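Peer 1: Just so you know, the sequences run in chain order A and B. Quick note: the first sequence, position 119, residue 708 per my numbering, numbers continuous. Quick note: the second sequence, position 193, residue 223 per my numbering, numbers continuous.
In case anyone wonders, no lab produced these hints; they're calculated from the structure. You may find that some hints are simply not true.
[Unchecked claim] In the BS3-like style, the derived pairs of lysine-lysine whose C-alpha atoms are separated by at most 30 Å in a straight line are:
1) A:K942 - B:K366
2) A:K942 - B:K382
3) A:K987 - B:K383
4) B:K291 - A:K805
5) A:K987 - B:K382
6) A:K950 - B:K356
Note that this is a predicted model, so its numbers are computed, not measured.
Here is how the chains run, residue by residue.
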Amino acid sequence: MRKDQLMDASNNASGIETPCVDLASGGPLNQVVAIHSHQSVHVSALQEEEPDQPSQRGLVDQHQHSHAETIDERYEDLEIEVIRHFTSIPDYKAPTDSKYPIVARTPQGCFCLDGWDLIESAKASGKVSVTCAVEYLADHSDEELAIRKTALRVKPKGGIASYAEIVRNVRRLQEMLLASNHDLRTFRHGGSRRGEEFANNKQENVIKVLALRLGKSVSTTNQYLSHARYLSKEMLNLLVTKEVNKDFFEKANANKTTALTRLNSERKSEAEITEQISARMIGWLQEYEQNKKIEALWKEHEPSPPGESRSETTQDPAPAESKEGDEEEKEEIFDPWRGNPEEPENDSFEQLKRETGDLAKRLSEAVTLDDPNLLCDRIMEETPRFYQISLRAATLRKMQDRKL
Amino acid sequence: MGKLVIFCAGTDIGILPAKKVTSILVNPFDNAMNQKAIRETLAMFAYAGTENRFLDSGGYQIYKAEEQGKVMTFDPNSPLIESEDRINISPNHVVETACQLHPQMMTALDFPVRKLKDKTEREKEFLSKLGFNIKWATEASLLRARHCPQVQLFLPIQCYDLDQFELFKRSIGDISYDGFSTPLRNMELDEIALLLVRFYQLGTKKVHLLGSTSFFVIVLSAFFARHLFDWISLDATSWRLAAEKAQAYFNPFDLSPENLKDNVLIDESIRMICQCPFCENRTFTYIKTLPYTDKLALLRSHNFYVIEKAGEDLYENASDLLRFEKFLRRRSPRIKDINNLIRCLSIIDIYKKEDINVLKQLLRTDT
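In isolation and in its complexed conformation, chain B is listed as follows (with noise of 0.2 Å):
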C-alpha cells in the first residue's frame, strides 16, 4: 500500500491556500531565478510547514515558449532566463535550483512533445525530441548524483504511445533515477493506465502525474497507489486558475467546476454542502457577493482543500473494486465514465503482470 500525494502548483506564499500546504510543488523559473525568489520560496516553506517539495524541471515554461515562438537556448554557462521572447535554461540551472530550494524530489528537464492528433505528426515530434530528454536524462542523473544525491530524481515521459517510451527507456540505459513523471496533456484515461502498468511491470515504485488533478486522474491514482505504487503524486494549478479566471468553485463530491460569478443567480434555498473550513456555515451567496480578492481567496482555499480531501477520500476507498465502485457512483453522476474506469482497473488488476501488448488488447488502447 503506497501513498497518494497531491502537490499544489503554481502557488506563492500571497496566495498559498491554507495555512500548512503539506506538498507543494515549484519551479526554476517561478520560484529561483534569483535570490529574492529563493528567499520567498523558502519563506513560503517555512510558513506553510511543507513537508514534500518537489521541485518540477520548467519543462512547461519550454513548451509554452516552442508555442509562442520565443528564442530557446539551453546553455548551462549563461543564466537562467524565462523573458519575453527568450528562455535559457539546462540540467545544471535545474539541480542549482535543487541545491538551493532543497526539495525532497525533483524531475529532470525535459523537452516535452507538444499536443498532436496525426500520428505521424506525433511520430516526427517525438523523435525531434528524444535526443534532448535523453541526454537531459542522462546529465540530471549525474549531477543530482553529484550535488545533491539526498533529492529523488524523477525521468520525465515525453512520448505518445508505449513503444516510444521503450524506446526512451532502452535509449537511457542504467542511469540512476528514483521513479518516472509523465505529462498527461496527451492521454486518455486507459491510455495513462497502461502507462502506469508498464512502469509497474519495469518495477518503478514511485510515479508523479505532471500537471491534473481532474477527479478521474485522482481516482486512477488513488488505485495504483493503493495497490502498485509506493507513491503517486499529482499536481496542478487547477484550484487557483479555476478560481481566477472563471470565479469556479469545486464541487467537493466530483470536482466539477461551479460558476459563481457575479451575474450568476443563486436561490437562497440552495443548500451548501461543503463542510471545508472556508466555506463550512456560510453560503453560497455568502461567497458570490464577497468582494473580488476576498472571493478568489476563498475560491482558491476551497478548490485546493476539496481536490486534496477527494485525493485521501478516494485512496480510502480504493481497499477493493467493489467499494471503490459504490463509493464512486456516491461520488459522480457520471456513471459510463465510472463504468469504464472500473472495467479498465478490473482488468489491470487480472492482468497487470501480464504481456503490456495483452493488456493493451483487452483495454482497447490505440496506445
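Isolated chain A, as found in the complex (with noise of 0.2 Å):
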C-alpha cells in the first residue's frame, strides 16, 4: 500500500478530515506547521477500540507488521485531552529538543513518549489542541511503547550510520564550518541554554557546534576528528565503503601516532603527512581484515631474540598513561609568556665609567668605616661584580681596536 492511500484511509477512519504532513515528503518544519497549527483530530474512536480486535478504521492490517514497525508518521493537531502520558518509562530532565510533543498513537490511544511538558504548557494557556509528532503504531503494548521512549533519546532518528561514515563526515563537517563565512552562532542550536559560551577562537568554537548539534561530547567529537586526521577523502571514503568499525580506527591510530611523530620530527608538510599516513592506512587495513590485530610500527626494528633469559621475573612495566578526568573544573586562562626583554643597549665607555665608579665608592665606604668583617664582605660581594666589569672593558677595548 502506497503512504498517501494509508493516510487517506486513515483520515477516513476517523471520520474527519485530519490535517497531516508526510514527514518523508519533505519541505521545512515551519511550512507545514503554518498550515495545519490550527486544525485538530479527534481520536476518541480510537481509544475505545480493543487492543486485541482487528482495526476497524482499515488504518492498517496489523498482521503485516510486528510492534516495532512505524506504519506512518506525521505533525497533527491532537486534542490534548485525548494525549495520554507515557510515564512507565520516567520522562527526561532535560527538554525535548523536539519543537512537538511526540507522540505514538496506537489502536488504544495516543501516547506522549517525550515533550509532556509542551502539552501542560498548552493547556496551561488555555489551547484544546496541541501539534505533535505522532508516530502511528499497528498495535499496542507498553514495553514497545517504553522502547521507543529509551530509544527516542538514544538511537538516531534517521538510523545508525557506520563508524567510518560518521568518522568522515563529522570531518568534512569540520571543514565546512571552518570555511563558513557564517557567524558560528547561528548554527549552536541550543547551545547558550546550556551554558556554552562561544570564545574568540574559531577552531574551538567549531567543536562546540559539532559536539551541541552532534550530541556529542567534546571529547568524543575530538575522537571523530582524530580519526580522521590526516586522511585522505579518498581514504575516508574507501574505509567507508569496507565498512570498518571503531576498532579499527583505535588500532591504526596507536601506529599513527607513531608514525605522526616521525613524520613531524622529518618536518614534512601537512599534504605530505595526508598522503604518507593514508598509504599506511591501507597497509594497516589488509592486516586488520586478516586477523583483527596491526602490528606496531616499530616492530619492524625489534632485533632477534638475545641470548639465554636473565631473569624470571615477571611484571612486564605498563607504560602509565595518566586518565582525563581528574582535571579541576576551574577555568584558567591561558597567558604565555610571548615576549622577551628588550635587548639591553650595546655597552659604552660612559656605562662601564659609571658602574666602576660606583663599584670603588662601595669598596671605599668600607674602607673608611674600618670594620675587618664588613671590608671583607664587601671585597668578596664586589669582586665578581669587578669580574664581569672587566670583561666588558675587554670587549670594548676589542670593539675600540677593531673601530681603529
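Two chains, two frames, some hints: make the complex.
Peer 2: Quick look at the structure:
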C-alpha cells in the first residue's frame, strides 16, 4: 500500500479530515506548522477500540506489522485531552529538542513519549489541541512504547551510521564550518541554553558547534576528528565502503601516532603527512582484515631475541598513561610568556665608567668604616661584579681596536 | 670545550618523543625486567637511532621503595624484583643489565639519601646509607672491569654537603671509574655549582646530573660543559610527566610550563612562537583541542624537543659570561635568578682552582 493511500484510509477511519503532513515528503517544518497548526484530530474512537480486535479503521492490516514497526509518521493537531502521558519510562530531565510533543498513536490511544511539558504548557495557556509529531503503530504494547521512549534519546532518528561514515562526515562538516563565513553562533542551536559560551576562537567554536549539534561530548567529537586526521578524502571513502569499525580506527591510531611523531620530526608538510598516513592505512587495513590486529610500527626494528633469559621475574612495565577526569573544573586563562625583555643597549665606555665609579665608592666606604668583617664581605661581594666589569672592558677594548 | 648531552628518560618504544632520539636513559626495572622488556628496549634503541645509551642503576626505585615502606633486599642470587611490596636489586643485576643492553655509560647502584632539611637528620641519613654506597660503588667497579670494561662507569654521589662527599671519596679509595653522577633533589643551584667545581678540582672529566632538566640546571650545565668538563649530561622525565599529569606545554624560551588543559581559554590572537616540528604552523587551539592521546603525544614531543634545543642554544651561547648573560636575559624573565647565577659563574670562573672553602665562602652556600 502506498503511503498516500494509508493516509487517506486513516482519515476516513476517524471520520474527519485530519490535516497531516507526511514527513517523508520533506519540506521545511515551519511551513508544515503554518498550514496545519489550527486544526485538530479527534481520536476518541480509537481509544474505545479493544487492543486484540482487528482495526476498524482500515489504518493498516495489523497482522502484516510487528510491534516495532512504525507504519506512518505525521505532524498532527491532537486534542490535548486524548493524549496520555506514558510514564513507564520516566520523563527525561532535559526538555526535548523537538519543537512538538512526540506521540505514539496506537489502536489504544495517543501516548506522549517525549515533550509532555509542551502539552502541559499548551493546556495551561488554554489551548484544546496541540501539534504533535505522531508515530503510527499498528499494534499496542507497553513494552514497545517503553522501547520507543528510551530509544528516542539513544538511537538517532535516521538510523545508525557506520563508524567510518560518522568519522568522514564529522570531518567534512568541520571543514565546511571552518571555511564558512557565517557566524558560528547561528549554528549552535540550544548551546547558549546549556551555558556553552563561544570564545574568540573559531577552531574551538567549531568543535563546540559539532559537539552540541551532534549530541556528543567534546572529547568524543575530538576522537572522531582524530580518527579522520591525516586521511585523504579517498581514503575516508574507502574506509566507508569497507565499513570499517571503531576498533580498526583505534588500533590504527596507535600506529598513526608513532608515524606522526616520525613524520613531524622530519618536518613533513601536512600534505605529505596525509599522503603517507593514507598510504599506510591501506596496509594496516589489510592486516586488520586478516587477523583483527595491527602490528606496532616499531616492531619492524625489533632485533632477534638475545641470548638466555636472565631473570625469572615477572612484571612487564606498563606505560603509565594518566587518565582524564581528575581535571579541575575551574576555568583558567592561558597567559603564555610571549615577549622577551628588550635587549640591553650596547655597552659603552660611559656606562662602564659609571659602574666602576659606583663600585669604587662602595669599596671605599667599607675601607673608611674600618670594620674588618664588613670590608671582607664587601670585597667578596664586589669581586664578581668587578670581574664582569673587567670582561666588559676587554670587550669594549676589542671593539675599539677594531674601529681603529 | 666539552659536550652537553640531555638524555630522554622515562620513555619506552610507544611514547618516544621523536623519530630520532639520540640519547636515552634506561634502568633495570623499567627496561630489563625480563626478556620481553630487553627486546623492546633494544628495539627502541634501534628504532630511535640512539647513539648515547645510559643505564641508570635503579637507585630512584630504591628511593621510592623506601618511601613506600617496601621490603628491600639486595641479594645478587635472587632475581631482580620490583613488586607492590618488595624490591630486590644488587650491583650484579645492574652490571648484568649492562651486558644485555650494551649502554655506553652506566651508573653504579646507589642507596639515595632522602630529602631532609634538618642538619642532624641529614647527617644520620648520610651515614646510614654510606656503607651501602661505598660497598656498591666498589663492587660495581670490580664487576664492570670483569664483565663490561667498555662501559663507562659513573659513581653516584649521595650526600648533602661537601664534607660528606669528601668522606665518600676517601672511603672508596682508588677504585676505577669514569665520572660522577649526582642527584639534584637535595641541592640548590649554587650548591650544585660548588660540587661541580669540586669534581673539577679532583680531576673528574665527566659528570651526569640525575633527574632534572629545569632551565637553570641546563644553564649551569652548559657553562660547566663549555668551560670545565669533557662531558656533562642530564636526564629527566619532565617532558613526559608534565604532558601527562598537567597537559603542560613547555615554553620554548625558558621551559616554564603552560597549562593547555581543556578548560583553559585561548585567544585566537595568541601567536605560536615555537618553531619545533610538532608546533610549527599550528595554533595553541589546535593543540588544546586535540583528543587526549594525540594531545599528550604532541606535548611530549614538543616538550622534549624544546628541552634539547634549550641545551643546544645555551651551550652555544655559554662561550663567555657576557654573551651568556645577554642570551639568558632574552630567554628568561627571571632577572634576579639570572643575576645570581652570573655572579656565581663569575666567582667560579675566577676561583675555580682555589681552595674550595674559599669558593664556598664567596658563594655563600651552606654546603
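Peer 1: Run every hint past the structure and note whether it holds.
Peer 2: For each hint, the structure was consulted:
no., hint, result
1, A:K942 - B:K366, "holds (23 Å)"
2, A:K942 - B:K382, "holds (28 Å)"
3, A:K987 - B:K383, "holds (27 Å)"
4, B:K291 - A:K805, "holds (19 Å)"
5, A:K987 - B:K382, "holds (26 Å)"
6, A:K950 - B:K356, "holds (26 Å)"
Violated hints for the displayed structure: none, as all numbered hints are satisfied.
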